[in-house]
Amino acid sequence: MKGNYLGELEELVLLHVGILHPDAYGVAVMDEIEKQAGRSLNISAVHSVLTRLEEKGFLKSKMGDPSQERGGRRKRIFLLTAAGKRALEEANELRTQLFNQIPKVALQFRLA
Amino acid sequence: MNHQPPKWADRFLQWYCRPELLEEIQGDAYELFYRKVMQHPRQAKVQFVWNVVRFFRWKNIKRTQNKINKSRATMDMLKNILTVALRNFVRQPGNTSLSVIGLTAGFVCAFLVMLWSLHEYSYDSFHPQGEQLFKVLTHAEANGTKETYSVASCVMDVSSIPEVESLTSVSTGTRWPHQLCFRPEGKADECIYMDGVYASENFFQVFHFPILQGDTNPVKGTASIAISEKMAEALYGKENPLGKVIKIDGTREVKIVSIFQNVPATSSLQFDFVMTYDVLKKQWGIDDEGFKQNFFEMYVKTHQPISADLLTEKLNDVRVITEAYKNEKLSYQAFPFTDWHLKSKFEDGKNTGGRIDYVMLFLVIGCLVVIMAVINFINLTTARASLRGKEIGIRKVTGAMRSTIAAQFMGEAFLLVMIAFALSVVITQATLPIFGTLIQENLSVDIFSGWTPAYLLVFLLAVSLLAGAYPAIVMSSFQPIRALKNQLTMSATGSQRFRKLLLTIQLSVSIGIIIFSGVIYSQLKYITEKDLGFDRSNMLRIEPTYRLLLKFEAFKNELAKDPNIVSVGAANSNPLNMGGSNMGVTWQGKEPDARIAFKTLGCNYSFPNTMGLKLSQGRLFELSTHDSVRTEMILTEESAKIMGFTNPIGEEIKIGGTTGVVIGVVNDFHTESLHEARVPVILFRTAPEHLSTIYVKYQPGSTIQSMESIANAYKLIEPAYTMKYWFQDETFDEIYKTETVASRLVILLTVIALAIAIIGIVGLATFNVLRKMKEMSIRRVFGASAVQVLQLLVREFLAVILLAIVITIPLIWYRANEWLNGFAYHTAMPWRIFVVACVGIVLLITLIIVLQGVKTIRTNPTQTLRSE
Chain Y
1 MKGNYLGELE ELVLLHVGIL HPDAYGVAVM DEIEKQAGRS LNISAVHSVL
51 TRLEEKGFLK SKMGDPSQER GGRRKRIFLL TAAGKRALEE ANELRTQLFN
101 QIPKVALQFR LA
Chain B
1 MNHQPPKWAD RFLQWYCRPE LLEEIQGDAY ELFYRKVMQH PRQAKVQFVW
51 NVVRFFRWKN IKRTQNKINK SRATMDMLKN ILTVALRNFV RQPGNTSLSV
101 IGLTAGFVCA FLVMLWSLHE YSYDSFHPQG EQLFKVLTHA EANGTKETYS
151 VASCVMDVSS IPEVESLTSV STGTRWPHQL CFRPEGKADE CIYMDGVYAS
201 ENFFQVFHFP ILQGDTNPVK GTASIAISEK MAEALYGKEN PLGKVIKIDG
251 TREVKIVSIF QNVPATSSLQ FDFVMTYDVL KKQWGIDDEG FKQNFFEMYV
301 KTHQPISADL LTEKLNDVRV ITEAYKNEKL SYQAFPFTDW HLKSKFEDGK
351 NTGGRIDYVM LFLVIGCLVV IMAVINFINL TTARASLRGK EIGIRKVTGA
401 MRSTIAAQFM GEAFLLVMIA FALSVVITQA TLPIFGTLIQ ENLSVDIFSG
451 WTPAYLLVFL LAVSLLAGAY PAIVMSSFQP IRALKNQLTM SATGSQRFRK
501 LLLTIQLSVS IGIIIFSGVI YSQLKYITEK DLGFDRSNML RIEPTYRLLL
551 KFEAFKNELA KDPNIVSVGA ANSNPLNMGG SNMGVTWQGK EPDARIAFKT
601 LGCNYSFPNT MGLKLSQGRL FELSTHDSVR TEMILTEESA KIMGFTNPIG
651 EEIKIGGTTG VVIGVVNDFH TESLHEARVP VILFRTAPEH LSTIYVKYQP
701 GSTIQSMESI ANAYKLIEPA YTMKYWFQDE TFDEIYKTET VASRLVILLT
751 VIALAIAIIG IVGLATFNVL RKMKEMSIRR VFGASAVQVL QLLVREFLAV
801 ILLAIVITIP LIWYRANEWL NGFAYHTAMP WRIFVVACVG IVLLITLIIV
851 LQGVKTIRTN PTQTLRSE
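The listed protein sequences correspond, in order, to chains Y and B. Throughout the first sequence, residue numbering follows this note's numbering, covering 1 to 112 in sequence. Throughout the second sequence, residue numbering follows this note's numbering, covering 1 to 868 in sequence.
It is possible that some hints are incorrect.
Claimed, not checked - Pair by pair, the computed Cβ-Cβ distance ranges are:
1) ARG52/Y with PRO19/B: 19 to 27 Å
2) SER67/Y with ALA469/B: 53 to 61 Å
3) LEU22/B with THR81/Y: 58 to 66 Å
4) ALA45/Y with LEU22/B: 29 to 37 Å
5) GLN43/B with SER67/Y: 17 to 25 Å
6) SER67/Y with VAL458/B: 51 to 59 Å
7) SER67/Y with ARG54/B: 17 to 25 Å
8) GLY450/B with LEU20/Y: 21 to 29 Å
9) GLN43/B with TYR5/Y: 54 to 62 Å
10) MET38/B with TYR5/Y: 39 to 47 Å
Don't read these hints as lab results, they were simulated from the structure. Just so we're clear, the structure is a prediction, and the values are computed from it rather than from any experiment. Cβ atoms here follow ideal geometry from the backbone N, Cα and C, with glycine treated the same way.
Taking the hints into account, I'd like the entire structure generated from these sequences.
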């Protein structure tokens, strides 16, 4: 089903929302991704992924407290939903399962 | 310090962002900004703007709420309006078709002019980096004025200019050795003439002429040639020509190394083969030292687009132009290559236009014709619509708003404009080939190519708005009660006056176009009939082979057997179009610094006779004096005057290194198109083998017989060559091709302008008669004569026509005068044309009105009066 498919960037963002729990919002996710995965994304890209994930039901959000560094504006805090957690687990599982099926030989590289 | 994000970007964000997303998005953007602003305020700002731009996504953009459709024009109403419009068209088919025909004629005219100018503007635009290409021109200063040549020294060194990427020189021409006879494989006595160029190595790097097969840089080595697809096809058919060897002039062998794509018609460089200068040097029989003196077309390609002025300055650096040329008062100019086709005319070192003048002229006329057509349309529409007062009244009473009525009339106008537009697109596309022959050019564009459809769409919208707006405003302003009570006269007077104003404009434009074309026409007639000082009719010009020149006397004697042949002569150029002038003429008593341009014409002894030059002093060349120690020369009267000789016979003259003695004086003659002032000429005697053209004069009316004997005589000497020849008359026409084409276009436009004017007058006259039907009938009943009644109709129009004439004449007189002054020799202002055109227009319009009026007068007045 199209709605359940988790893209690569989506998975990355979803993971980071989990990591940052309960303080995940746009800029924080962006920073964390840069720190952990070394990928620098534009804030608008992070935003659109977050809203897309919310539409798919993997995330839910609430408005946080206003803060000084945002000119008195509130953050939108994102939290994993049950569906989001399941999607992550499924993705993780599928990956491990597939990885284990790779024959050992294929992974042995020697300097030829 | 208080750092704030750029205000405009913030506002932009607030403007587009959905309110429910604004807070978080703005918050994130601010947070990122504040984080960076302390260390890098500038970067922070840039980043903020960038983020705002990146947030500009469909998802984040505000949606306008679905407003309730405020317009009352529901589907039913639109349908009704359409039905009424169609009924109206059908009820008055004459009127409707007049409107449509008028518009169509105007549109077709505009489209053709547009296509033609697009074609003109597309010249050389196929080079992808056109703005980096420059042509080097040379200005030579003499006697205070500058003459401009489209060539420059072929050994120019631009290595001191870092902006220049590459430089190439091209030697072009229309005759040997640029036009050569090629023989298809296996057919030794067939001869195909092809035009080509000689160029330096970078030719294919500077210009974009794609090479299809073979070496991508073919202009090198001493014996290679690159040929076009067309030439490959003509010589070898379907065979692969690469590697084949061609014999040039039957002796010199060159190998085909590349084939390039056919040169587009819109290239100002036209050629079918390219060879190196090594070949040219051998053809001309000159060494490297002699070659360096040559001036060829030089083209510069820069790394980046650069201003022509800057490049000009750098070209005039002494390292480029050299000390020697600087001392000769030469200067270079870099001229944008893509502009060359349209702006190649120079006066005193300054660009004074060129073909662009004609393009502009016709664009203006095209616009005027469209305006005329639109005015026509507006007049007809408003006139007709004021008969529809009742309909508008009822609509308003039953609740139509002003905007609805306006929309209705706009819609009707749009419908008609659409029909005219569709018709004219079809007609234009269909007449394009005819138009092409009319202007003697293969148009590279048609109505569906490139950007044209987009232009047309803009045109359509603009015209619909123009044509629809006024009727819509006037019609929708009718007071319903007055309209229903048939009291529209009051409100209609306003539009009546406006209509007259429009009619005045329209008539002015038509009169202007008609008179101007008359002026162009009479100037052209003047040119073609002006005595140039030598004969050009019944004369054949032959391109000789070298052998023919060597055996010139034999050829001449052979032709002498035919009584139809009057005379045979040879010269080194064509007196119709002699080209470059010579400043290196010196004589006894010449002031040392004076630089006077002469045209020097080398010819054999019989040439002055062949050309029909009239002797005024001394004698012409004679066969017996061939072995004279000094070259014999003949002056024209003007040259003798300039040199200050009272008795020129026996004076010594030096042309460059050649010394000659004057033996005679002949009448003055023109050597260029009549755009240029006449230049003094010196004829000097040369042996035929050093000349390049043979002229044969024959009896009038004996063209066919003479052609036959000329061809036979040619075959006798050159059996393996096809004779190449031109009629001098045709060459003459070719010189004035632009003028001929212009006059044809003008005639076309005149016809259309006249047609539109007539349509307009017919339409308005009909309407006027309808409006005045009652008045006329009442006058008739009270005993007015038919003439008196007709006067009533004519008077109104006459004032308008006279006003139009008064406005137009001075304007067009001024403009025509300016145009005529562009010719060094022009006819006096043809005032007769002004009179004839004005009187003609007045008579024509009166006739139309009278014809319309007579119809009404014929009917019994009681019939029109009965209805009330």
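The hints, checked one at a time:
1. Judged by the Cβ atoms, the range 19 to 27 Å given for ARG52/Y and PRO19/B holds: they are separated by roughly 20 Å.
2. Remark: the range hint 53 to 61 Å for SER67/Y to ALA469/B is upheld by a beta-carbon distance near 56 Å.
3. Distance hint check: the CB atoms of LEU22/B and THR81/Y are about 25 Å apart, inconsistent with the given range 58 to 66 Å.
4. For the hinted restraint 29 to 37 Å between ALA45/Y and LEU22/B, the CB-CB distance of approximately 18 Å leaves it violated.
5. At about 23 Å, the beta-carbon gap between GLN43/B and SER67/Y stays in the expected band of 17 to 25 Å.
6. For SER67/Y paired with VAL458/B, a C-beta distance near 52 Å keeps the hint of 51 to 59 Å intact.
7. Taken as a hint, the range 17 to 25 Å holds for the pair SER67/Y and ARG54/B, whose Cβ atoms sit roughly 23 Å apart.
8. Between GLY450/B and LEU20/Y the beta carbon distance is about 55 Å. The supplied range of 21 to 29 Å is therefore violated.
9. About 37 Å separates the C-beta atoms of GLN43/B and TYR5/Y, a value inconsistent with the hinted range of 54 to 62 Å.
10. Checked against the hint of 39 to 47 Å, the C-beta distance between MET38/B and TYR5/Y comes to roughly 42 Å, which is consistent with it.
Violated hints for the displayed structure, listed by number in ascending order: 3, 4, 8 and 9.
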